[in-house]
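Residue numbers (our numbering), protein chains in the order written: chain X, 321 to 442; chain G, 321 to 442.
Read the hints as simulated data drawn from the structure, not as lab findings. C-beta: ideal position from N, C-alpha, C; glycine also. Worth double-checking, as some hints may not be accurate.
Partial list, derived from the structure: chain G residues whose beta carbon lies under 7 angstroms from chain X [claimed, not checked]:
| id | residue |
| --- | --- |
| 1 | V357 |
| 2 | I359 |
| 3 | V361 |
| 4 | E363 |
| 5 | E369 |
| 6 | R438 |
2 protein chains.
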Amino acid sequence: MGIIDKILGKSEKLNIDEYEELDLSEYEAEISEAAGVYIRVAEVTGLNEVPEIKREIYDGNIVVADIAFIKHDKLTLDRVLKDLRQLAEDVKGDIVGLGEDYVIITPTGIKVDRNKIRSSSR
Amino acid sequence: MGIIDKILGKSEKLNIDEYEELDLSEYEAEISEAAGVYIRVAEVTGLNEVPEIKREIYDGNIVVADIAFIKHDKLTLDRVLKDLRQLAEDVKGDIVGLGEDYVIITPTGIKVDRNKIRSSSR
Numbered sequence: 321m322g323i324i325d326k327i328l329g330k331s332e333k334l335n336i337d338e339y340e341e342l343d344l345s346e347y348e349a350e351i352s353e354a355a356g357v358y359i360r361v362a363e364v365t366g367l368n369e370v371p372e373i374k375r376e377i378y379d380g381n382i383v384v385a386d387i388a389f390i391k392h393d394k395l396t397l398d399r400v401l402k403d404l405r406q407l408a409e410d411v412k413g414d415i416v417g418l419g420e421d422y423v424i425i426t427p428t429g430i431k432v433d434r435n436k437i438r439s440s441s442r
Numbered sequence: 321m322g323i324i325d326k327i328l329g330k331s332e333k334l335n336i337d338e339y340e341e342l343d344l345s346e347y348e349a350e351i352s353e354a355a356g357v358y359i360r361v362a363e364v365t366g367l368n369e370v371p372e373i374k375r376e377i378y379d380g381n382i383v384v385a386d387i388a389f390i391k392h393d394k395l396t397l398d399r400v401l402k403d404l405r406q407l408a409e410d411v412k413g414d415i416v417g418l419g420e421d422y423v424i425i426t427p428t429g430i431k432v433d434r435n436k437i438r439s440s441s442r
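Whenever a hint applies, use it, and build me the whole structure from the sequences.
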């Protein structure tokens with residue numbers, strides 16, 4: 321509706337009185353707009369995807385890198401992981417492997433908790 | 321330096337002159353302190369882990385649920401996923417499968433981008 325356009329467009333001219341009958345779907349849109357952190361999955365086949373991963377991290381988003389395609393190519397894997405580790409260090413983010421196929425890279429201020437949730441720990 | 325303290329700590333009273341010799345390690349600690357969003361992996365073996373996942377999501381953290389242990393137990397998988405989907409809806413977060421073994425659940429305001437980063441898309 322109108323209010324979403326205005327919020328998404330970041331217009332300064334919003335007239336609140338026009339929108340007294342705001343419905344729930346509009347409210348949801350506002351919630352998601354307010355946050356702006358995204359998780360994005362990257363299928364890494366080499367160094368080609370690294371620049372876009374960097375952009376996401378610098379934008380404050382989280383990337384889950386799928387390294388399944390390169391995990392048996394030691395040289396490529398080494399290069400990619402070295403770049404991603406440097407990236408995480410540069411922004412004071414975090415980098416952690418998830419299983420055999422994924423690496424989670426986080427932006428400034430988001431960390432990966434090394435303690436897993438598992439019922440045996442309780 | 322001092323100005324970072326002001327921005328991160330939002331203190332009005334800080335005297336910038338006092339912090340001229342701030343070193344890098346202090347800066348790192350401030351950055352991580354300021355954010356407070358965590359990603360936590362949960363090894364899901366049944367409904368037992370759901371309450372702790374809920375706590376994390378309500379605290380504003382992201383959970384990556386490892387469902388490898390239950391993926392062949394249709395009944396349990398269905399129950400767990402139903403609970404997690406309801407959770408994501410309740411907080412206006414998000415829920416998305418990652419490969420065959422993982423489900424990402426996000427808190428309010430964090431969304432999963434359905435567009436993967438892949439070099440073939442460029």
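Hints versus structure:
1. Hint on V357(G) holds. Least Cβ distance to chain X is approximately 5 angstroms, under the 7 angstroms limit.
2. Among the interface hints, the one on I359(G) holds; its C-beta lies about 5 angstroms from the nearest C-beta in chain X, closer than the 7 angstroms criterion.
3. Of the supplied interface hints, the one on V361(G) holds, with its beta-carbon coming within about 5 angstroms of a beta-carbon of chain X, less than 7 angstroms.
4. Checking E363(G) against chain X: minimum C-beta separation of about 4 angstroms stays under 7 angstroms; hint holds.
5. Below 7 angstroms, beta-carbon pairs count as interface contacts, and E369(G) has one with chain X at about 6 angstroms; its hint therefore holds.
6. Among the interface hints, the one on R438(G) holds; its C-beta lies about 4 angstroms from the nearest C-beta in chain X, closer than the 7 angstroms criterion.
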